[in-house]
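Protein chains: 6
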Amino acid sequence: MTVRVDGRTPDQLRKITVERGWSDHAEGSALISFGGTKVLCTASFTAGVPRWKVGKGEGWVTAEYAMLPRATHDRNDREAVKGKIGGRTHEISRLIGRSLRAIVDVRELGENTIVIDCDVLQADGGTRTAAITGAYIALADSIAWAREKKLIPAKAQPLTGSVAAVSVGIIDGEPFLDLAYTEDVRAHTDMNVVVTGDGKFVEVQGTAEGVPFDRDELNLLLDLALKGTTQLTQIQKAALAGAAS
Amino acid sequence: MTVRVDGRTPDQLRKITVERGWSDHAEGSALISFGGTKVLCTASFTAGVPRWKVGKGEGWVTAEYAMLPRATHDRNDREAVKGKIGGRTHEISRLIGRSLRAIVDVRELGENTIVIDCDVLQADGGTRTAAITGAYIALADSIAWAREKKLIPAKAQPLTGSVAAVSVGIIDGEPFLDLAYTEDVRAHTDMNVVVTGDGKFVEVQGTAEGVPFDRDELNLLLDLALKGTTQLTQIQKAALAGAAS
Amino acid sequence: MTVRVDGRTPDQLRKITVERGWSDHAEGSALISFGGTKVLCTASFTAGVPRWKVGKGEGWVTAEYAMLPRATHDRNDREAVKGKIGGRTHEISRLIGRSLRAIVDVRELGENTIVIDCDVLQADGGTRTAAITGAYIALADSIAWAREKKLIPAKAQPLTGSVAAVSVGIIDGEPFLDLAYTEDVRAHTDMNVVVTGDGKFVEVQGTAEGVPFDRDELNLLLDLALKGTTQLTQIQKAALAGAAS
Amino acid sequence: MTVRVDGRTPDQLRKITVERGWSDHAEGSALISFGGTKVLCTASFTAGVPRWKVGKGEGWVTAEYAMLPRATHDRNDREAVKGKIGGRTHEISRLIGRSLRAIVDVRELGENTIVIDCDVLQADGGTRTAAITGAYIALADSIAWAREKKLIPAKAQPLTGSVAAVSVGIIDGEPFLDLAYTEDVRAHTDMNVVVTGDGKFVEVQGTAEGVPFDRDELNLLLDLALKGTTQLTQIQKAALAGAAS
Amino acid sequence: MTVRVDGRTPDQLRKITVERGWSDHAEGSALISFGGTKVLCTASFTAGVPRWKVGKGEGWVTAEYAMLPRATHDRNDREAVKGKIGGRTHEISRLIGRSLRAIVDVRELGENTIVIDCDVLQADGGTRTAAITGAYIALADSIAWAREKKLIPAKAQPLTGSVAAVSVGIIDGEPFLDLAYTEDVRAHTDMNVVVTGDGKFVEVQGTAEGVPFDRDELNLLLDLALKGTTQLTQIQKAALAGAAS
Amino acid sequence: MTVRVDGRTPDQLRKITVERGWSDHAEGSALISFGGTKVLCTASFTAGVPRWKVGKGEGWVTAEYAMLPRATHDRNDREAVKGKIGGRTHEISRLIGRSLRAIVDVRELGENTIVIDCDVLQADGGTRTAAITGAYIALADSIAWAREKKLIPAKAQPLTGSVAAVSVGIIDGEPFLDLAYTEDVRAHTDMNVVVTGDGKFVEVQGTAEGVPFDRDELNLLLDLALKGTTQLTQIQKAALAGAAS
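These protein sequence lines map, in sequence, to chains R, L, Y, U, H and Z.
Following UniProt numbering, the numbering of the first sequence begins with 1 at its first residue and continues without gaps.
Following UniProt numbering, the numbering of the second sequence begins with 1 at its first residue and continues without gaps.
Following UniProt numbering, the numbering of the third sequence begins with 1 at its first residue and continues without gaps.
Following UniProt numbering, the numbering of the fourth sequence begins with 1 at its first residue and continues without gaps.
Following UniProt numbering, the numbering of the fifth sequence begins with 1 at its first residue and continues without gaps.
Following UniProt numbering, the numbering of the sixth sequence begins with 1 at its first residue and continues without gaps.
It is possible that some hints are incorrect.
The list treats identical chains as one, so a pair stands whether inside a single copy or across any two.
Taking lysine-lysine pairs in the DSBU-like style, the calculated list, with each CA pair at most 35 Å apart, reads [what the hints assert, rightly or not]:
(1) LYS149 x LYS82
(2) LYS149 x LYS53
(3) LYS150 x LYS82
(4) LYS53 x LYS82
No wet-lab data here; the hints were simulated from the structure.
Build out the structure end to end from the sequences listed, making use of the hints.
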């Protein structure tokens, strides 16, 4: 069996760690690591909703993703300095927001907004999947906080499930789970899969890098992704079962 | 069998028209319609490549997508007036660019750049898939133009295939091909599939809107999408076989 | 008599075509061509007025002009991508808005706003004059629409007349009507004249390019312009008399 | 005869003052007043030309116009704070630049650039015409400076003439010269006329505010404007004949 | 004793002039000169406060600082053209605002806002200290204006004192008061000191340029600064005692 | 003696921790905590200098400061989303850069640039002083890295000393060292002092919040600050003496 640079088997996740409740200020937070990728996820719960949602009696959940300038091997200019947000940042922020909303019933939130900030402190591949996986934990904790503070009714159930994400890719014809940066660069096909706790798809985003992929390869990748998200779901459950740090 | 608002069967494309060579100025162009969705695609061929590509002897293909402010039912503010490009615009521009590059061998282009502009003159669902399908025609014509002008060698083959795209979605449990706007709004799952002329996947982007989808639904959608792109590929071939208008 | 590149006499307009009601969505629209110059004009009627007009019981009419990036011979960067609108775009948008307001009695509109978007799909000189001429048709149709929808009173008469525009210029001492791009480049003096249906001036903008002009030249240009706008007024009347496409 | 608020006759300029050489730093400068309108014009002469002019052996002259936030009766937000330049500012900057270039032979400048900054310190109508009139003085002095510093040849003659500008307008059917702000607000037709020292037109910009104007009114306004610019030309000559302050 | 380039002793201010009431429009204004540095300070008094102050019954005082592009020896690009405000501009605007608020009791202002604009018409070192010193005069006059117009109660005392500022620096080991530009460039340590009319500190901002400074040097600089601000306070009093121009 | 909320004496620093070498990618890094304030400082060493420094044979050191949106008790909008950097961010970035350059001899760096990014992960007062103190460690390590990689000569000594910073303030007449957020809010006078390892001042920035301060208070604050920076210098030395994590 192929052995990966970091000693993993092709179907093995990197070491996943979760530091739940990292932030003193946020209503929910998690510092999550997928190997060398470290993402700080904070959930900010505030009363009120964006103007276009006002008066519907529903809440809103949204997300913002960003990278510190030196999260990567070479430094990137700050988007705030450039004065505009790049396409990649926009795209990932929107993906995280959609993924979370897929497991939230906004009618149960009342007219409140939860913003999830996912800031990549260090990047080594899979930052968007780590962000989604950590964001769910911050979100769940912020909802528990709101319930405790009686900002939403005690019996409100805004969460309809959990959500986790992982990347998969094909390198030299072989499928791999949870690509590190050096693997991601070499992959011909790259797929990010967002899956609920009960194994249904929220997002499937497969992209051919150079070589188009066929139906069989797609199926192999989906099998592998589901294996990964099943484990990530367990890790999320374990983290939420303990006391926050 | 379910009959759609516009009289189509669930597995039927809207009326597709292509006005190839619409522009007097562009090196390649097509005004493509998927029913009420009309997208003007122009290809601009210029010598030179972006700074980060210089000196590699390779070319570059990129795309920009935009909508006229009143392409939609209600008017949207111009992004130029707002002073920034929205996330959706960025995301679609990047998707079109990646889709085209998947069937281009940039080494065969020399250090030249082709920019494909896809401007939605009127929107009725499926603007990104119409854009990709029309962009391929503009791209192919700009490459033929460059070959004729001897800007690339006569035997250069920058195109490794063709590419077309279509949307599919599940409404009330049933899969539909090529969603019009009113259908798109009702779909629980929405998928855009970009496929090469020989039936391989370039992009698969499936998104659950509210209700996650399972493996069977995913497979039904992919079957339907491939049916649509096979027809679009034929339409592209026919358009490119004729004389440009 | 001088024969122009395209076979016209000096005092002859290019072929003018109007595709009224081009848009499925806009309350009024026209795709107008002055030879190779093609401008899509759409009118968007919405309830309410800008903040500084609120409470006066009056409406507002404004316009935005833009060019597609490859409307011109060489591609221009998108203003949305550059993040700011150029001076020329601003200047022309303001000119169109003023020209239309000159024949609108805003008190008859109620507190409603009409935004006219003029998007140049292809440019070959005279884009601003084609835009004004087409914008009037879209405006007139949007007002008819509002009257029919009872959004303004049946007897309201917001239009106090019609408006059309044409460019004139002096090339090698001789005055020419409706300059195409290659003529515009060669003109020493360039003038855009906006005229009401009854032959009065709304805007006279004459600019010396290199060589100042005297009073006689100014008078010759004005004579020629009035000849052109008289014909354009007839074309507008004919277009509005027919059924919209 | 009508007597104006400030005691002038309809064909009378306001009090014009010129403080030539106001700036210690600029290569040419003038603080010009048209009554309560005060504009500081500075000319900055630098080696080199914009990229698109490089290698043609020609120079470039351009202008930037701006108002201090409290130049006007009510304070306006700074354009720097808003992060973008408004349409009016753009339009006037372009007008000043074109007006100056009409009397400059850029081939005589060598590859040098002169930027004229016109900053309105206090506004009371006619800021653009005061700016053009003062800008010519700053420009002339900067060219004299460059000749003295041997940055252009001693016999180079970049100036082909002089240029001055004035506003005229029709109030209640009567034409008036050099409108103050309260008059400008009441004018039905407003015209800015830029004229060379030998009485030829560089720009004629007439705008109907509400009521279109006819040929006779246009002629009356042009007569009046030429009367004003003849006097302004004399004032410019006198200012340039003296020693700079 | 060291004699400075302009003939001053090390502890001597430059010639200070104040043209109070320079603006026809502003509620308070002063054109202040510290030698070749000329700053136009205008105070704009308006009803209402920023959103975050509403409902507290207090007023607000803020300031904006800017330089004309050719205020300096070489021309700087306009911040409005660049589309963003630089760090230095921000920093000085904030300093001026804080300095003024230190001697204002906002509760005595009612819910009104005073904006002080400090525009540097010509720069020769010490622009921020001239701005603060002139801004106080404009501020005081705007408050007197508001009292006279009964916009604040006759007995309201928003001013708790006066404020003035001066720069000091160490050149070749010797301390100097009120540095001109050529001196500022040579200074190893540069300090701006903002002092109330009764000799207390509002701001002390000392910066080592290259060589850190010790406690003794700090004390010498503070002594010198206090000597300068004492004189500036006298000049402010004299200006405010006279009739505004 | 006054006991502070967190049990400290007035002249006591908060618990200071330094996690040196936190980043896998940066050439030098430190995660520094001053109590609840946590700042990630990374140093990026790159060949080349900004355009205005090219050809002088000298290097450049600069800094950028930013806060994560939920570093604070309430969430702040991202500056990248707002499209511009606020005045406070600019001011602190400049302060950090100046402070570091005060102890760097850029001639010893060669034409290389070091950018120090200071990102506040969590804020509880004193973020700028923690940033400066941590930035020095990251800077020192990046210089050691460059020497080891032979990017600067083995005997080059770019560092002329060390630098650390602390805040001090007066609350109810009593001076306090290293203010936490709740203390900072209550302070009448707030001072940030940047001091070299040998006890000289690099920056002294004292600001009266409401009540001006006198010479005695200034002296008390400086005494206290020097006490704090002496300890911080020791902590820096200890951190740099150990092996990086």
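### Query
35 Å Cα cut-off: does LYS149 pair with LYS82 within a copy, between copies, both or neither?
For LYS149 and LYS82, only the inter-copy Cα distance (31 Å) is at most 35 Å; the intra-copy one is 40 Å.
### Query
Between LYS149 and LYS53, at a C-alpha cutoff of 35 Å, which is it: within one copy, between copies, both, or neither?
For LYS149 and LYS53, the Cα distance is within 35 Å both inside one copy (23 Å) and across copies (28 Å).
### Message
Within, between, both or neither: how does the pair LYS150, LYS82 come out at a Cα-Cα threshold of 35 Å?
### Response
between (41 Å within a copy, 32 Å between copies)
### Message
Treating 35 Å as the Cα threshold, decide for LYS53 and LYS82: within, between, both or neither.
### Response
Close inside one copy (31 Å) and across copies (21 Å); limit 35 Å.
Consistency note: the structure conflicts with none of the earlier hints.
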